[in-house]
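There are 2 protein chains.
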Amino acid sequence: MIGDPLPTEKLEGQLLSKRLALPIFASDPLSSVAYAPQELLMILLVGGLAFLSFAPWVALAVVILLVTVVASYRQLIRAYPSGGGDYEVAHRNLGEKAGLVVASALLVDYVMTVVVSVASGVDNIISAFPGLAPFRVELAVVFVIILAAINLRGVSESSKAFAIPTYLFIGSVAIMIVTGLVRTIFGDAPVAESAQYAVHAESVGQAAMVLLLLRSFASGCSALTGVEAISNGVPAFKRPKVRNAQRTLVVMGATAIVLFAGLTTLALVSGVHYAENPCDLIGWTECATSPQPSLMAQVAAATFGDGSIAFYVIQAATALVLLLAANTAFNGFPLLGSVLARDSYAPKSLSTRGDRLIYSNGVIILGLAAIVILVVFQANLTVLIQLYIIGVFVSFTLGQTGMVRHWLRELRGLRAKDARAAKSSGKSGHRSAAEQHRRAAEAAAARSKSADDAKPLTHSAMVRALVINAIGAGMTAIVLIVVTITKFTHGAWIVFLLMPILFLLMLGVNRYYRDVEQEIEPDPTTVFGSSGDHAVVLVGRMQKPVLKALDYAIAARHESIEAIHVSLDEEATKQLQKDWIKQNIHVKLRILSSPYRDLSHPLIQYLKERRQDHGSEVITVYMPQYIVGHWWEAVLHNHKSRRMRQKLLLVHGVTVALVPWLLDSSDLLYGRRSRPLPGQDRRGEAVRQVARKPGGVEIKDGRAHPKG
Amino acid sequence: MIGDPLPTEKLEGQLLSKRLALPIFASDPLSSVAYAPQELLMILLVGGLAFLSFAPWVALAVVILLVTVVASYRQLIRAYPSGGGDYEVAHRNLGEKAGLVVASALLVDYVMTVVVSVASGVDNIISAFPGLAPFRVELAVVFVIILAAINLRGVSESSKAFAIPTYLFIGSVAIMIVTGLVRTIFGDAPVAESAQYAVHAESVGQAAMVLLLLRSFASGCSALTGVEAISNGVPAFKRPKVRNAQRTLVVMGATAIVLFAGLTTLALVSGVHYAENPCDLIGWTECATSPQPSLMAQVAAATFGDGSIAFYVIQAATALVLLLAANTAFNGFPLLGSVLARDSYAPKSLSTRGDRLIYSNGVIILGLAAIVILVVFQANLTVLIQLYIIGVFVSFTLGQTGMVRHWLRELRGLRAKDARAAKSSGKSGHRSAAEQHRRAAEAAAARSKSADDAKPLTHSAMVRALVINAIGAGMTAIVLIVVTITKFTHGAWIVFLLMPILFLLMLGVNRYYRDVEQEIEPDPTTVFGSSGDHAVVLVGRMQKPVLKALDYAIAARHESIEAIHVSLDEEATKQLQKDWIKQNIHVKLRILSSPYRDLSHPLIQYLKERRQDHGSEVITVYMPQYIVGHWWEAVLHNHKSRRMRQKLLLVHGVTVALVPWLLDSSDLLYGRRSRPLPGQDRRGEAVRQVARKPGGVEIKDGRAHPKG
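Chains as they are written, first to last, in numbering that gives the first Met the number 0: chain A, 0 to 707; chain B, 0 to 707.
Chain A on its own, in the form it takes in the complex (with noise of 0.2 Å):
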């Protein structure tokens, strides 16, 4: 049984460049350019129409926060480069509950990154084909479906299938936009569908205008979802990694910013009136029959002509957009979760290179969230992008309060090297200002981790960044307290109650992990000192696995070894031990009889009752374990000895030997390329086997290292 000469497998890594990276990371927040100029101008509208004329000015306070945030995040992301995010930015600088409710906050985020962008893709797809009107929440469903289905498969997201839509939705929405403002220019202004029809308006009083001001623009701020996932994946640039990082986060932020802006305006110019119950459209006689199109369809029809391909370009354009963004949140939670499991508030298991099974079932966790709550929610746009506000809001404005307290810190110590570094010169004199800056400068670049990082912090630079945060703190905070107080009855408790419960979760999680190692820290109380060896085979039909697991144990050369078989058939064990003498095998076959058809316990009370005799020895237990080649085939094997095994396992002084059977099948696994797991390109772990040439692997110094 020597093995084949199999080509040496070598691992290479796979990180992002910056042109595969804005695909990945853009999705989230560009797609949210399809509904958050609809929310906006559809709050305003509750006031009626007058409240038009406020529109500019709160879409430039969403661009104002809009630049504020990516500003704080490239910030972030030199400060915290090891792709921690909000969560590690509160960990560090605001405590562990703080980082844990940040770490909820964005779980709640993931799956309604989902939940709003299939329910607006759906909107899209239903304002091109309005016959499909009936069928929202089922078409939902089946795009949730869909996702995880292609995420349980496993896909990488650096394959150039996602890089489309993304570019083939900023082009076509770019181009949009200046074929209207063009046209505007020259006369011909677009002309929305519902331009025609008022809005029923109610009166609104002083206090109550306000309110409607802020509500819309908190909806507004919708646009900014997603623009934090970069600060989660800057391991995965290629090298320089903070600076790649940082550049695509501010093209992604400009890009998001000019659509966002020339959007609004093009929906304004064109006279787009949206409302919230479409009934309040005076005038338009099928609101209680006919879907109401979205911002989006209504600006594309406006500019380009109702059915016209170009129309029909933009609706695909940012429906794919928008299942690309939901797509997002499936791999992005696993690297949430790496991180946590990390600082153990999560199963370690996630913390390595993933494991397909916890994957799987997160991935199926997070689908079925989203579907019961896009039924519950029967896939209301609108109100799902409530709740989806506060979650990211949450984060953002913990994240920033994080920064704030980073940045006073690092300020503080700025100050305190100043005041050791001129105490210690004092007898030289004070040094000029320049030259005290420059001290400091070096010392910053001292203190800098990244190596790719060349630019050291000045202290007007850390103020700089210190407002810069404070005030985009002080903005989320604004939005976080209107959209709770606005939206908390319609909906807004739920995520104000599974935050908690998550948050409780996690804790509960790191508490375990923390008294299971206290519970195996080696101590000297716990002496270890087994003598005597026996071993057993357990002998179920005579097969080649059973007879592979007997070679193993005999060429173990265990003190004492002995075949078991437990008899539930008179016949088969009959069959079996003449077998046995046929094959002439040396080993003595134990039999034990099960009155009950079971077969663990009688093999069970005989390993107790030998240890009582033999004392402290170690029994192995050779069992064999099938390897198969289809996941199916999982299901019919191997489940009775796993269960056998479970049992043994508590029995003292007792190990399991697992003898691998290799079936026919299992070819299939040498073969294999591993595929690719969520999230993989996002951590920067996305590897490829290269196979190469036998005499991979050479041992030098106790370590073994590639040869070639």
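Since the hints were made in silico from the structure, they are not lab data.
Ideal placement from N, C-alpha and C gives every residue a C-beta, glycine not left out.
Please note: incorrect hints may appear among the correct ones.
Stated by the list, open to error - Covered by chain A, per the in silico footprint, the following chain B stretches (three or more residues, Cβ under 8 Å):
1. 507-513
2. 532-545
3. 548-554
Dock chain B against the given chain A, drawing on the hints supplied.
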């Protein structure tokens, strides 16, 4: 590490008395009287009120069929007492494919049992509380979820909690029937609320009239569902098994007949008019808004008064017994699964005393299938019953046809034996007919396998059984054809789609196992013979489980031994090397580097390299395995080692030895009584663990026996 003297456990079987068996097996057939009379009358009323005069005759036909089927199964139980039921009869008498058709029909049947019972239960609840009508589907889904949850937890069917609803139902409905009839005799006949409404009738030609009568008969035959359950549960009865099972069957059948006939009579006397489309009831103004009360509810209201205590008791008992009937399915399919697994048509893990994981999966699949069907058909009882009948009557028909063949074969064998006996005794002159019969009876007695089957089958007894089964087969075949034709487009096609899929799955499993059997048959070409014996202990950090694994590896005294650590973190590796020296461990520690944070790849490369150098030696890799007490702890441990193990087992010459480390929580496992598994009571495999004084097992003559 000497084991504690744990008390030796003893397993005690728990078989069913007739009194406990009745509720378990009778809930399904008895509960169907809740909907069978309703469906029978409803179809007749399609032709108008005049057709109600046919009702007594149709009901009589149903009763005759019920008697026939009960008598048939009495024979089947005696002929096949191992619990295989219709499947086994078809398999042995009509061939493998027929057996699989029955098996597929039974699997569909189990799903439909859950669906129809829950839908009918919800119907009765809504009849008592009409305000719940808009939530029909949601209520049904919730009940399925509750049932699945209960069965996942595990509950013993033989508990009194199951017996009470069945006896309560029998008692209350019997009292209702008696009360109603007594009132009628004394001139105060009960009047149903729907008696006042005329029925909109379609004009019916003569051919259509016959078809209508046949459809009504077919719908009334839903009263037969569940009768066969006892044939699967014969092993669970106390001795004499066959006779007890037969008696329970007869009692069950008689009760069902009495309740069915009585309920139908009372419904006709009180003038219940139940229409498929409620608005066909002329005069009922709320037909579109209020739910149509079930027949049971109307009769109860008429007899005891609407809103009386007795009315609610009857509705409650009906709903409860229907839920019990649904629970039947969760317990019945493991039975079917074990029989199929025994014949290799299902995963082998189903054949011995349950793997909780497998059964949990089965419960979940059953629950999900039921929920999907309930949602798709909106819990519409009439449509669902048609689907139900098809599956049930496929197995009835094939089962009884198989029995016919069985008797024909037995009769042929009998005649052949008589012929041989007559030849051999030809010289001594022909015997009297009486003597010939006596000899035949003795021969039959000798052939009879069952020890508690005292009465030998005479020739006339066999002929009578043959006639009964033939009539039954004919009648059930007619029902099957009628339902298929009339309901194919209304949803029956689903059944005819599902059954072939299940058929092909089971056939595929059987062929797969057959191929594997051939693959692992011992043959002279495969030679075993490893030499060389190397032990590897995987070391992560210096913790007690690793020390124990090291201890066991040393105790096993392999030819050579080394410890291997895959380095993911420089700091941790240095710490380990320090601890290794501090703990004064004499085993060599080898460090493998891992550039891509992959645990298994470097190790596997090293092992393959070693094998190339050392030839066909056996490498035993020792790995710790955590044993935990809570189910949720399994998510938090062992995953990385399982992944490693799966990859290691692919390397030639490797065997993996699992060294258990019992965490404190595993104490829970020691005291834990095994939770009940679904179906265990019906399999006669309910066992209790009884603690006994130590000293439990003695080994005599190579066999282990319990002491004392």
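#### Entry: Hints that the structure is at odds with (numbers, increasing)
Structure breaks no hint.
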